[in-house]
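Chemist: Residue-level listing of the chains:
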Amino acid sequence: SQQGEEDPQALSIQEGENATMNCSYKTSINNLQWYRQNSGRGLVHLILIRSNEREKHSGRLRVTLDTSKKSSSLLITASRAADTASYFCAGTGNQFYFGTGTSLTVIP
Amino acid sequence: DTEVTQTPKHLVMGMTNKKSLKCEQHMGHRAMYWYKQKAKKPPELMFVYSYEKLSINESVPSRFSPECPNSSLLNLHLHALQPEDSALYLCASKMRAGPNQPQHFGDGTRLSIL
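So the protein sequences, as listed, match chains R and L. Mapping of the first sequence onto our numbering: position 106 corresponds to residue 106, and the numbering continues sequentially without gaps. Take any residue in the second sequence, count from 1 to its spot, add 1000: that is its number in our numbering.
For the record, the hints were derived by calculation from the structure and aren't laboratory data. Incorrect hints may appear among the rest.
As the list claims (entries may be wrong) - To give an idea of the chain R side of the interface with chain L (calculated C-beta under 7 Å), a few residues:
1) 27
2) 31
3) 41
4) 42
5) 43
6) 45
7) 84
8) 88
Predicted model only: the values in this text are computed from it and were never measured. Using N, Cα and C, we set each Cβ at its ideal position, and we do this for glycine too.
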């Protein structure tokens, strides 16, 4: 059964704008990870946030985690056409599972 | 280029064929995974190997048979597949089993069942 859901399912923005995608999960986690998948390729790990952290930054990425609401968000600032991809959150606890994914299109 | 190599990249097979998918990594990772991914869906976990031993089988039909001959190599043997098995099959690895390690993915094998 699907343990994580993301919204929006699809997001289209202009280059230079910020993109925010949200992840909600059902079971307790040790950490939450975000992955990117370009069309026809494998997944690439972006960032990991532990359950005792609230916010983490990596370059143009900002991730927040609210364990009381069982939710996380990924913010990509100053988006580029190369950011066009699907983004998945992944919860790690007793199980490892992916969210439903957000398809991001950045228009040049 | 990814550090996890999967071959072949594409595979077309009939329902009576036997074929194998191969996954290789030389990063010294001791946990390896097989996932199945349908179009516009997230990857679904199939099998997990930890230190060359099968640790998780997510109720996968027996027409899929995994094998881990050594710490660098993971195979997925296919036999009598169904059309609904057409999908992208992804292999992943990480340093060791446990929650606080990122997974490294290959680019997958695109499988089509005729």
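Chemist: Hint by hint, say whether it matches the structure.
Modeler: These are the hints, each one checked on the structure:
A distance limit of 7 Å between C-beta atoms decides the matter here; for residue 27 of chain R the minimum to chain L is near 12 Å, and the interface restraint is violated. Look at residue 31 of chain R: its Cβ gets to within about 6 Å of chain L, closer than 7 Å, so that hint holds up. Taken as an interface hint, residue 41 of chain R checks out: its beta carbon lies about 5 Å from the nearest beta carbon of chain L, inside 7 Å. Hint on residue 42 of chain R holds. Least Cβ distance to chain L is approximately 3 Å, under the 7 Å limit.
Given the 7 Å rule on beta carbons, the hint for residue 43 of chain R holds: about 4 Å separates it from the nearest Cβ of chain L. Below 7 Å, beta-carbon pairs count as interface contacts, and residue 45 of chain R has one with chain L at about 4 Å; its hint therefore holds. Checking residue 84 of chain R against chain L: minimum C-beta separation of about 15 Å lies over 7 Å; hint violated. Because the beta carbon of residue 88 of chain R sits about 6 Å from the nearest beta carbon in chain L, less than 7 Å, this interface hint is met.
Checked against the numbered hints above, the structure breaks hints 1 and 7 and satisfies the rest.
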